[in-house]
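Asks: Given the sequences, and given the hints that come with them, work out the whole structure.
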Amino acid sequence: MRKILFIGLVVTAVVLVSGCYGPTTSPNATVQPTGETPGEITPVMTPIETIAPVMTPIETITPVMTPIETIVTGTPSATTTGTVTGIATTTGTATGVSSGTTTTGTAAATMTVAAVNAVDIKSTTFDPAIITVSIGTTVTWTNRDNKPHTVRGSGFDSGSLDPGQTFSRTFSSTGSYDYGDPGNPSMSGTVIVT
Numbered sequence: 001m002r003k004i005l006f007i008g009l010v011v012t013a014v015v016l017v018s019g020c021y022g023p024t025t026s027p028n029a030t031v032q033p034t035g036e037t038p039g040e041i042t043p044v045m046t047p048i049e050t051i052a053p054v055m056t057p058i059e060t061i062t063p064v065m066t067p068i069e070t071i072v073t074g075t076p077s078a079t080t081t082g083t084v085t086g087i088a089t090t091t092g093t094a095t096g097v098s099s100g101t102t103t104t105g106t107a108a109a110t111m112t113v114a115a116v117n118a119v120d121i122k123s124t125t126f127d128p129a130i131i132t133v134s135i136g137t138t139v140t141w142t143n144r145d146n147k148p149h150t151v152r153g154s155g156f157d158s159g160s161l162d163p164g165q166t167f168s169r170t171f172s173s174t175g176s177y178d179y180g181d182p183g184n185p186s187m188s189g190t191v192i193v194t
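Position 76, counted from 1, in the sequence shown is what the numbering used here calls 76; the numbers after and before it change by one each time, with no gaps.
I should point out that these hints are in silico values taken from the structure, not numbers from a laboratory.
Just to be clear, a hint being listed does not mean it is correct.
Using C-beta positions, here's what the derived DEER-type ranges look like [as the list claims (entries may be wrong)]:
1) T194 with T140: 15 to 23 Å
2) K3 with I51: 46 to 54 Å
3) G164 with P185: 18 to 26 Å
4) D120 with S173: 43 to 51 Å
5) S186 with F156: 19 to 27 Å
Where is the CB? At the ideal position from N, CA and C, for every residue including glycine.
Replies: Structure, rendered in C-alpha cells:
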C-alpha cells in the first residue's frame, strides 16, 4: 500500500509541475488577460535584463627601439711614460653615425693605458707572449712559477731564474727579438721594438 501511495504522490507532483510550464509558457512569462475574449489568456513575456560588457579603452605605450651605431675613425697619437707602466694620451678625430644621420665632429680623449713592458713566466707560458715596445724601453721578465726558468734570446740570457726572481733587458735597436726557455721547448715569446 505504501508503494501505491508513493507512486501516486510522484504522479501528482509531475502533473502539477507540467501544468505550470506548458509549451506556451516559460518560467519568466506572466499570464495576463487581454480583454478581447472572455476566458482567453495570452502569455506576456517579461523582458530579462541582460548585462552588456563595457569596453574601456586603455592607453598602451609601444616602445620604440632606435639603433645607435658609433664609428670612430682617426689617427691617434700616443705618449708613454714610465719604466714598467705608463700613461698614454690619445687624441684624434671621431666620425659618428646615429639613426641614419651622419654627424661629423672632433673629439679628444685621454685614457690611461698600462704600457706593456713586463712579462710573467707562468708554468709553461710567457704572458704576454708578444709585446711591442719603443726603442730604449726596458722589458722585465718575472718568474711567477714554482720552478726555475730561463729567458734566452738573440743577444740576451737571464740564466736560471728562481721563483719570484726577475730579469730585465733594455732594447736599443728596432727589430723583432724571439726568445724562449731552453728547459721548456714549447715556451716562446717575441719582443717587437719600433
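Asks: Does each hint fit the structure? Answer for all of them.
Replies: Each hint, compared with the structure:
no. : hint                       : result
1   : T194 with T140: 15 to 23 Å : 19 Å, holds
2   : K3 with I51: 46 to 54 Å    : 49 Å, holds
3   : G164 with P185: 18 to 26 Å : 24 Å, holds
4   : D120 with S173: 43 to 51 Å : 25 Å, violated
5   : S186 with F156: 19 to 27 Å : 20 Å, holds
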